[in-house]
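Starting from the structure of chain A, add chain B where the hints point.
2 protein chains.
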Amino acid sequence: MLRVEMDRTDIPNAGPGETAATIKALATPALLLDKDRLDGNLARLSSRMARQGVVLRPHMKTAKSIDVARRVYPSGVGPITVSTLAEADYFAQHGFRDITYAVGLAPHTAERAMRLRKAGIDIKVLLDSPEQAIILGAAARAAGVAPSAFIEIDCDGHRGGLTAGDPKLIAVAAALAEAGVKLAGILTHAGESYGLSTPAGLVAAAENERALAVAAATTLRAAGHECPVVSVGSTPTAHFAEDLTGVTEMRAGVYMFFDLVMHGVGVCTTDDIAISLLATVIGTKPEKGWILVDAGWMALSRDRGTAAQRVDQGYGLVCDVAGKIYPDLIVSQASQEHGILSIRPGSAQALLDLPIGAKVRILPNHACATASQHELYNVVSAGSDAIEARWPRIRGW
Amino acid sequence: MLRVEMDRTDIPNAGPGETAATIKALATPALLLDKDRLDGNLARLSSRMARQGVVLRPHMKTAKSIDVARRVYPSGVGPITVSTLAEADYFAQHGFRDITYAVGLAPHTAERAMRLRKAGIDIKVLLDSPEQAIILGAAARAAGVAPSAFIEIDCDGHRGGLTAGDPKLIAVAAALAEAGVKLAGILTHAGESYGLSTPAGLVAAAENERALAVAAATTLRAAGHECPVVSVGSTPTAHFAEDLTGVTEMRAGVYMFFDLVMHGVGVCTTDDIAISLLATVIGTKPEKGWILVDAGWMALSRDRGTAAQRVDQGYGLVCDVAGKIYPDLIVSQASQEHGILSIRPGSAQALLDLPIGAKVRILPNHACATASQHELYNVVSAGSDAIEARWPRIRGW
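As you go down the protein sequences, you meet chains A and B in turn.
Counting from 1, position 393 in the first sequence corresponds to residue 392 in numbering that gives the first Met the number 0; the numbering is continuous, with no gaps.
Counting from 1, position 397 in the second sequence corresponds to residue 396 in numbering that gives the first Met the number 0; the numbering is continuous, with no gaps.
No lab work stands behind these hints, which were simulated from the structure alone.
Hints may contain errors.
Unchecked claim - In the DSBU-like style, the derived pairs of lysine-lysine whose C-alpha atoms are separated by at most 35 Å in a straight line are:
#	chain 1	residue 1	chain 2	residue 2
1	B	167	A	181
2	B	181	A	23
3	A	167	B	287
4	B	287	A	284
5	A	287	A	23
6	B	284	A	117
Here chain A stands alone, though its shape is the one from the complex:
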């Protein structure tokens, strides 16, 4: 018995701005963004931060899209956080003015950031050493601008920053003052919260992040340095912080889309995950329990962030074309342009009989990584097959 699903209206992916008929007519692999879920996720954290009296400074490293940023700020200028100066340039070109570049400063990024400052952008940079203060001071003098910098605090050993009690904290603040740089405040990121999975653990991580940030700010103030901003944030701690006393702003990025890693941490349900990858069945191997699709790591990314979690989702969790999860069907293997779907080990589910040409949607492990493999978002709404818009994203540095 031959079964073939053919979409006679299949078209190659259109460019930004163009619209394609329907999800079913979309060439694959293609990235889908559910606008309703996006808006729900944005509203959830915005209202939470409004209740706690803390400014939300969304991190644009996940979405990298002016259209997504405009869902947060329909006509605003920020505040936003960025992970590259390419993002800073892009959002500045679209009218954003209040931008924090939250990666440690190097000579070339100092010079480039100061050119943005010269162009009227209120860009704030990040550092944790007297060396970087000197670099920044030199770049600012060369550009003829007065810069503003955060000192990075390491609250959980994740990567950069000074521990809250490090005597170098005062030395960095002094070096900034000497270099003519305004201290914007302190900034920390509870990156280790991604490894947690219980509400109690997440509440404790958020309190640790808050307490150490506030302690560092207190130390600086006691030494006579103004420290106006106390900036904390990670998607897990942003959603579990019970007390933000002393904190002035919150940063988070992946909360806009969520993903399977955040689901494993316990921050969202699978129904909150706003992006998915549309793929097509290109082969079946029932004798091995495999369905082959045209979505490999090039479309999904190599991220295996759920491998260390209680439930390993492989390279993603498979849904039907409307977004309903097929129980225990995951992308178990990925090569460059091939994905292998199979039933999760230990499950009693039977493999589906999906014919060649059938389309599926795959929820990704890590939204930042999967989205970065694509040029644009195909924007959809729950319960509709229509592609409503195509939102471009940027890449590079």
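Chain B only, in chain A's frame:
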């Protein structure tokens, strides 16, 4: 003591076609391609295949660049292999005519490939089921063209294809004939060879790939089907095949650049690896044995292909700016825009004293994955600091 390396000539990355002064002046992260190593790798496999009397059909999925393809074919039309129809379109626009699209066919790719055929491109497609033969026949009739297809053979259980002894082999050939599709031949890929690490194992994998491909072709011919091409290939088996009797063409892609996974397999030395990622030191944590650089998984990819090998290279092996390896210094952790360099566990090496602003080069685990994170190659030569050219690459589907 403050040590700062400042490059006053640092510039943002220029676009394709533009040239930047020197490696030291390049903004980071940036992808470097050593032209001499590339040419050496190309010559090595070309001359090997010439000696064995087998056509080399390079796979462009790794390089995705017309400039790299022109090192193989200064003014040719192919033959080449591609992993996406975006690659097929791109190389066709640049004059290539003989193209094999080596991913299993779906309805939308059948239609698009037949449009390329209508435009005069000798594109051959891949399938392993009667369903796909029907899909292809319908697309060909709609476009008014006579298509040509390979039947995929599974020689090692890696992903798609029919086993050489599968009775469906004859059924697929019959379905192709009935659909009016010419049988191009059979095609197989010894993908499991990436998991090997001994010359004897690689020689055996190559012989297995050859023997099963030839067996499938023999079965088809005995049933009265012409089977002109017997196409095999993977970078490891291409370099270790001792006998290619019955094989007419070889496909390989990553051999152009090589990488740490191929080094671990035993196909190349680290001196053959032609691409590297230029990064800048943005922080140090000597108390933890860490150096922080501005190259995270966005620049390196999330590929951890060496994790399963004898020597785990983390996210990459670190070299000085001239390309000389720092013994046992690896990228041990990566977040989106941060990499953490540290000495490999168990090594007695001491951590280097690299100051903020110092540049390093990182050899990648997987060339296909790392290159795909970048817009272009900054082309360099051994022993020179000059950026000689910028070669764009394509992406998408």
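Against the structure, the hints come out as follows:
no.: 1; hint: 167/B to 181/A; in the structure: violated (73 Å)
no.: 2; hint: 181/B to 23/A; in the structure: holds (30 Å)
no.: 3; hint: 167/A to 287/B; in the structure: holds (16 Å)
no.: 4; hint: 287/B to 284/A; in the structure: violated (48 Å)
no.: 5; hint: 287/A to 23/A; in the structure: holds (28 Å)
no.: 6; hint: 284/B to 117/A; in the structure: holds (32 Å)
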